[in-house]
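Q: Protein sequences appear in the order of chains S and E. With our numbering applied, the first sequence closes on residue 111, and no number is skipped along the way. With our numbering applied, the second sequence closes on residue 1114, and no number is skipped along the way.
Keep in mind the hints are simulated off the structure, nothing from the lab. Accuracy of the hints is not assured; some may be wrong.
Simulated restraints on C-beta separations [claimed, not checked]:
id: 1; chain 1: E; residue 1: Ala1002; chain 2: S; residue 2: Arg72; range: 33 to 39 Å
id: 2; chain 1: E; residue 1: Gln1081; chain 2: S; residue 2: Gly60; range: 42 to 48 Å
id: 3; chain 1: E; residue 1: Glu1072; chain 2: S; residue 2: Glu17; range: 47 to 53 Å
id: 4; chain 1: S; residue 1: Gly16; chain 2: E; residue 2: Val1012; range: 40 to 46 Å
id: 5; chain 1: E; residue 1: Val1012; chain 2: S; residue 2: Thr108; range: 27 to 33 Å
In silico DSSO-like links for lysine-lysine, alpha-carbon gap of 30 Å or less [as the list claims (entries may be wrong)]:
id: 6; chain 1: E; residue 1: Lys1044; chain 2: S; residue 2: Lys1
id: 7; chain 1: S; residue 1: Lys42; chain 2: E; residue 2: Lys1044
id: 8; chain 1: E; residue 1: Lys1071; chain 2: E; residue 2: Lys1027
id: 9; chain 1: E; residue 1: Lys1071; chain 2: E; residue 2: Lys1051
Here a beta-carbon is modelled for each residue, glycine too, at the ideal position from N, C-alpha and C.
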Amino acid sequence: KQEVTQIPAALSVPEGENLVLNCSFTDSAIYNLQWFRQDPGKGLTSLLLIQSSQREQTSGRLNASLDKSSGRSTLYIAASQPGDSATYLCAVRPDDYKLSFGAGTTVTVRA
Amino acid sequence: NAGVMQNPRHLVRRRGQEARLRCSPMKGHSHVYWYRQLPEEGLKFMVYLQKENIIDESGMPKERFSAEFPKEGPSILRIQQVVRGDSAAYFCASSPKGPNTEAFFGQGTRLTVV
Chain S
1 KQEVTQIPAA LSVPEGENLV LNCSFTDSAI YNLQWFRQDP GKGLTSLLLI
51 QSSQREQTSG RLNASLDKSS GRSTLYIAAS QPGDSATYLC AVRPDDYKLS
101 FGAGTTVTVR A
Chain E
1001 NAGVMQNPRH LVRRRGQEAR LRCSPMKGHS HVYWYRQLPE EGLKFMVYLQ
1051 KENIIDESGM PKERFSAEFP KEGPSILRIQ QVVRGDSAAY FCASSPKGPN
1101 TEAFFGQGTR LTVV
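Please build the complete structure, drawing on both the sequences and the hints.
A: This is the structure:
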C-alpha cells in the first residue's frame, strides 16, 4: 500500500524567504506526482504535475523535483509572499487512476 | 472551459436523512473520481467512474454509500441514512482519458450532519 508523507506539517516564514516542502512515498512504481494548493474551506488547485520519466517541473516561482528511485519530491517556492499562505498537498498516482495524498504542509508567510 | 463543478457547496443534513452530492466534470473529461477529506485527515479515494460504469469502488464504505455517472448529467454521490461520522468535505475530480493525465478538482461539498 502506498504511503505518502509530507514534512514538515506546518511552516512559518517571513515574506521573501524561499520555501522548501518535502514529500516522500513508499512505492516508487508511480505514473506521476502532482502538487496541489488548498486554501481554507476551498478546493484543490493543481500547481505542478511531474510524470514518472521527468526529474522536475517549473511554473513561475514554483519548482518541483522528483527522485522516483528514492521516493522523494520537493516543492520549492521562491521569494515567498503572504498570498502563498495555504496548505500544500502532494499526491502520487500509483496506478492509472487513484491518487494517494499526503496530509499536507500548512504554510504561513508573514508580512 | 469551466472547471469541475460541484453542488451544493455546503449541505446540512439531520441524522438519518439522505445526502446527494453532484459533480459535473470538465468538458471533454470522461473519468470522474470522488475523494473524501475528513477533519484533520488527508484526502482518501472513494470511487472511480466512467460514463455508466463504476470502475473501482474499493474506497467507498460498503453500506449507505453509492455513486453513479449516467450517460447524461452529472455524477452523483449518494449517502443514505447519514450519521455524524459522514461529516466531511467531498471532492470530485475529473481527467481526460489516459493514465498520465492531470486530475482537476472541484471546490468540494462540505457535508455537515447534525
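Q: It remains to establish, for every hint, whether it holds in the given structure.
A: Hints and how they fare:
1. Separation of Ala1002(E) from Arg72(S) is about 35 Å and conforms to the stated range, judged on CB atoms against 33 to 39 Å.
2. In this structure the supplied range 42 to 48 Å holds for Gln1081(E) paired with Gly60(S), their Cβ-Cβ distance being about 47 Å.
3. The hint said 47 to 53 Å for the Cβ distance between Glu1072(E) and Glu17(S), and at roughly 51 Å that hint holds.
4. Gly16(S) and Val1012(E) have their C-beta atoms about 42 Å apart, which keeps the hinted 40 to 46 Å range intact.
5. Between Val1012(E) and Thr108(S) the CB atoms are about 30 Å apart, so this pair conforms to the stated range of 27 to 33 Å.
6. Taken as a hint, the Lys1044(E) and Lys1(S) pair is honoured in the structure, with Cα atoms around 13 Å apart against an allowance of 30 Å.
7. Our distance criterion of 30 Å between C-alpha atoms is met by Lys42(S) and Lys1044(E), whose separation comes to about 17 Å.
8. The hinted pair formed by Lys1071(E) and Lys1027(E) meets the criterion: a straight-line CA distance of about 14 Å does not exceed 30 Å.
9. Our distance criterion of 30 Å between C-alpha atoms is met by Lys1071(E) and Lys1051(E), whose separation comes to about 6 Å.
In summary, this structure violates none of the numbered hints.
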